[in-house]
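Chemist: In order, the protein sequences belong to chains A and B.
Position in the first sequence (first residue = 1) + 553 = the working numbering.
Position in the second sequence (first residue = 1) + 553 = the working numbering.
Everything labelled a hint here was simulated from the structure, so no lab data went into it.
One thing to keep in mind: the hints can contain errors.
The list makes no distinction among identical chains, and a pair is therefore deemed to hold if it is satisfied within one copy or across any two copies.
To be verified - In silico SDA-like cross-links for lysine to any residue, where the CA-CA straight-line distance does not exceed 20 Å:
no. : residue 1 : residue 2
1   : 688       : 723
2   : 678       : 574
3   : 815       : 601
4   : 806       : 707
5   : 839       : 679
6   : 839       : 681
7   : 688       : 908
A quick note: this is a predicted structure, and the numbers were derived from the prediction, not measured.
Protein chains: 2
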Amino acid sequence: MKSAILGFGIVGSGAYDVLNRAGFEVKKVLDIRPHDELGDKLTSNFDDILNDKEIGIVAEAIGGLEPAHTFLVKAIKAGKHVVSSNKHLICTYYDELHSLAKENGVTIKFTSSAGGGIPWLYNLKRNARCDEIYKIMGIMNGTTNFILDAMISDGRDFDEVLKEAQALGYAEANPSADIDGLDTARKTAISSSIAFNTIIKEENVDIFSLRNIKKADVDYITKKLNMNVRYLGFGVKSDDGVSVFVEPALLGKGALETNVTKNNNMISLFGESVGRLSFFGQGAGKYPTGNSLAQDVIDITLGDTKLDYAPNEVKVNNSLLKRKYYIRTSYGESFDFYDKVETIGADKYIITKEINVSKMHEVANTILKEDSYAFFAGIEE
Amino acid sequence: MKSAILGFGIVGSGAYDVLNRAGFEVKKVLDIRPHDELGDKLTSNFDDILNDKEIGIVAEAIGGLEPAHTFLVKAIKAGKHVVSSNKHLICTYYDELHSLAKENGVTIKFTSSAGGGIPWLYNLKRNARCDEIYKIMGIMNGTTNFILDAMISDGRDFDEVLKEAQALGYAEANPSADIDGLDTARKTAISSSIAFNTIIKEENVDIFSLRNIKKADVDYITKKLNMNVRYLGFGVKSDDGVSVFVEPALLGKGALETNVTKNNNMISLFGESVGRLSFFGQGAGKYPTGNSLAQDVIDITLGDTKLDYAPNEVKVNNSLLKRKYYIRTSYGESFDFYDKVETIGADKYIITKEINVSKMHEVANTILKEDSYAFFAGIEE
């Protein structure tokens, strides 16, 4: 079985190189830009791929919803297996693409859509077959980890480090998807859908942005609280449903995540039989993510074409989980769930009692209306 | 396809539970001890399994070389796929069992033989398909990690912590295989065989025991050198061959391994395209290791029955790799590769220049003849 790659950008070209070196033929590459090195393999017409009976696998690395979505739907309907590195697409059309693939007797794989080079989703799915996974948690975004690591290591402030990240190409000119959490939210939704065998949408995920973290927060967290801070996605199962959220999180200095530096990722699952399994690696980049996309293509080529898809109806309810929070705000009013409050200058540094995630995000919105610089982080114990 | 489990001890019974809960039938269990809960499934006669045409997978969790080896050879010759959690067996008969399986058109899987519950060997093999792996490294033994973590955290000495580990069941009455490195050496040999597609024998692995580490070493390493110490297996590829060794190793306090506490494991691969991938989890235990054995059985049941086996002849040569070492000894003579030497009481604390692994292990034998309490550790930078 031969494959085609849609999109010859960073990830697509990385996967192309990995597959070629490993001796797996990529028959066609779709791209609208010229790429002389591809010779006859290059096409700008998707029908050349769709109508090629030798091509049994279509691997999408275009990004965005359209035309990627239309191409994959057509490929599936034509009986081709599909692979994607596109978290936006997979998160948005998770159910549609799975259902359609099942209907057409093909498989869909998207390991590279979360965790970059880390075989995270692959192993999550493999473990979910025979274990009861009750939690997933992880650093899934390299940009925010780079920023936090630099702030902590060098004592610099957020804006300065963000500019450096942009200069190094680690952060986009518009960094919102990274620092406001949408990127992590999509990866968390996809991970939670697999872990709990259900369908989690990005709008189910409560998000605290990382944007408001200041040097003063880092100092307070690392020196006064003797803890560390990382930007994490969470999916947690209870008897009555699943809580899914993205938050800056305070961790002990001995936590594994504390030593995850630069733009690396680490994602963990917690299973009843296997315990905690953590996966560390590069969360982005041409060859790491290209490797991950290529692995899915190779799996299918070698015969792994089964698709089990029978999602449960699981209620997403962020009021099911209680945890403590760190808050830094100049907002004057106190709430009854505040536990310890220290005032430094114009700001209060607050540790809360246990409060459910929904309630905390609701109150945070109230606080942010009055103090748009307030910062919130969960405490992960 | 149904399976049989050989040996209903800790791992075998764990795998049995995991498979049952996941809906995969275990038709027979071989054990010479009575187990009423198994009813008709229990047999003490291997022929009951060998001659059962419904049983397509034989999963061995007996441990030791015989009768496990004879049983697996018979199973393979009868056309059954085999799975094993037995590092001693896999390390000793790596080539024989693979060749025989290939000849008979069956597969052999042994993920649970290194890393316990961690899908380490599984992912190592998956990545080796399309990447050039140039290094593997890891904490592969829970007992020695428990001992080091307790020594570092509590400031206690080796003998006291070893006794506690024995009382907790983390260490055997005869702890030699763990603390003298044979357990890690076998796991390192198996891992290196997969990573570099060759056949590494346990006698190829140079080993420094952990037995001689003292509180004084931990103090010197953590306070004077501001580093950490872990017990690691290494496989490193160069143009001319592979170096394979097991050593206590000094790591920076920011290293991922530094935050691997208790009896946990973490093993890493370094690939040209994927970069560093690290896998953390429980390196032993009924359900973690049982899960790992069960996963191999499930993979085969779901159709993953291909076996690629065409090992390269790769020279194992520990003089190919140079690194620095930490030595603590009362041995008086100095060597020209000593760099920094500090004398405290009767002992010298030495940091060496770069020296090749073979040479260091050779000199260590000279030193140990005169000072049987000398301690050696590589410096991992």
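Chemist: Tell me, which hint numbers fail for this structure?
Modeler: 1, 3
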